[in-house]
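J.: Line by line, the protein sequences are chains A and B.
Following this note's numbering from start to finish, the first sequence increments by one per residue and tops out at 116.
Following this note's numbering from start to finish, the second sequence increments by one per residue and tops out at 114.
Note that these hints are calculated values from the structure, not bench results.
One or more hints might be untrue.
[Stated by the list, open to error] Below are the SDA-like pairs computed for lysine to any residue, each with C-alpha atoms no more than 20 Å apart in a straight line:
| # | chain 1 | residue 1 | chain 2 | residue 2 |
| --- | --- | --- | --- | --- |
| 1 | A | K41 | B | K69 |
| 2 | B | K69 | B | V112 |
| 3 | A | K42 | A | S89 |
| 4 | A | K42 | B | K69 |
| 5 | A | K41 | B | D82 |
| 6 | A | K66 | B | R16 |
| 7 | A | K41 | B | T103 |
| 8 | B | K3 | A | V116 |
| 9 | B | K3 | A | E59 |
| 10 | A | K41 | B | S9 |
Only a predicted model underlies this, so the values are computations on that prediction, with no experimental measurement involved.
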Amino acid sequence: GAVVSQHPSRVICKSGTSVKIECRSLDFQATTMFWYRQFPKKSLMLMATSNEGSKATYEQGVEKDKFLINHASLTLSTLTVTSAHPEDSSFYICSASPGQGAYTIYFGEGSWLTVV
Amino acid sequence: DAKTTQPTSMDCAEGRAANLPCNHSTISGNEYVYWYRQIHSQGPQYIIHGLKNNETNEMASLIITEDRKSSTLILPHATLRDTAVYYCIVRVAILTGGGNKLTFGTGTQLKVEL
């Protein structure tokens, strides 16, 4: 079936630095991808919708200047956490679908970010 | 998208069927029922989805009541590897770019034991 892959799976960065997480659709093209974050023992919270060739759409309360999203091709979206702080430490997950409507939505393996 | 209600947790003996209920009493006629599961520290895994008819695949069966206000996910022979959080999600399958986002509730923590 369709596969969505994330990289890196785990990353540790120093406070104040930026870190980039990639989300790739391996065997289909996706005009939209979605980014979620998840804190321990909590549910997934949608952060933003990544649109190929245009600006991302952010959910209420998500800082667009802190969480930069770039969707430069139909198979790649990136999330950059800028000036990371310990409270940004979380599990970040992306999703994508090969089509609209009732198509299945697939998720990446997730990326653990730890800011020290 | 319609809100769903699931039990917080359930236990199941290995080899037995696991029946996970979900209430979605405010579901609209054009909303599908999706089930995903999340094993610890991994991304959600798609299980099954349906609109009004019962569905079955290699992983599970989905039983949707006639009024569509509730559904049950059935894992016919649960194994230890089925221990996970199971999410029931209803969403409109619309043909626009924003139609593929999913809203997650708290899900049901299924624990399969020997």
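J.: Holds or violated: K41 of chain A with K69 of chain B, Cα cutoff 20 Å?
T.: violated, 28 Å
J.: Given the hinted pair K66 of chain A and R16 of chain B, is their Cα-Cα distance within 20 Å?
T.: Given that 20 Å is the threshold and the Cα spacing comes to 47 Å, the pair is violated.
J.: Taking only the CA atoms, is the gap from K41 of chain A to S9 of chain B under or equal to 20 Å?
T.: holds, 13 Å
J.: Would you mind confirming whether the straight-line C-alpha gap from K42 of chain A to S89 of chain A stays at or under 20 Å?
T.: Status holds; Cα separation ~14 Å.
J.: K41 of chain A and T103 of chain B: Cα distance at most 20 Å?
T.: holds, 16 Å
J.: Taken at face value, is the distance from the CA of E59 of chain A to the CA of K3 of chain B at most 20 Å?
T.: holds, 18 Å
J.: Checking one constraint from the list: CA of K69 of chain B to CA of V112 of chain B, max 20 Å. Satisfied?
T.: violated, 27 Å
J.: Holds or violated: K3 of chain B with V116 of chain A, Cα cutoff 20 Å?
T.: Judged against 20 Å, a Cα distance of about 37 Å means the pair is violated.
J.: CA of K42 of chain A to CA of K69 of chain B, is that 20 Å or under?
T.: violated, 26 Å
J.: Is it true that the CA of K41 of chain A sits at most 20 Å from the CA of D82 of chain B?
T.: The hint holds at about 18 Å.
Comparing the model with each earlier hint shows violations of hints 1, 2, 4, 6, 8; every other hint is respected.
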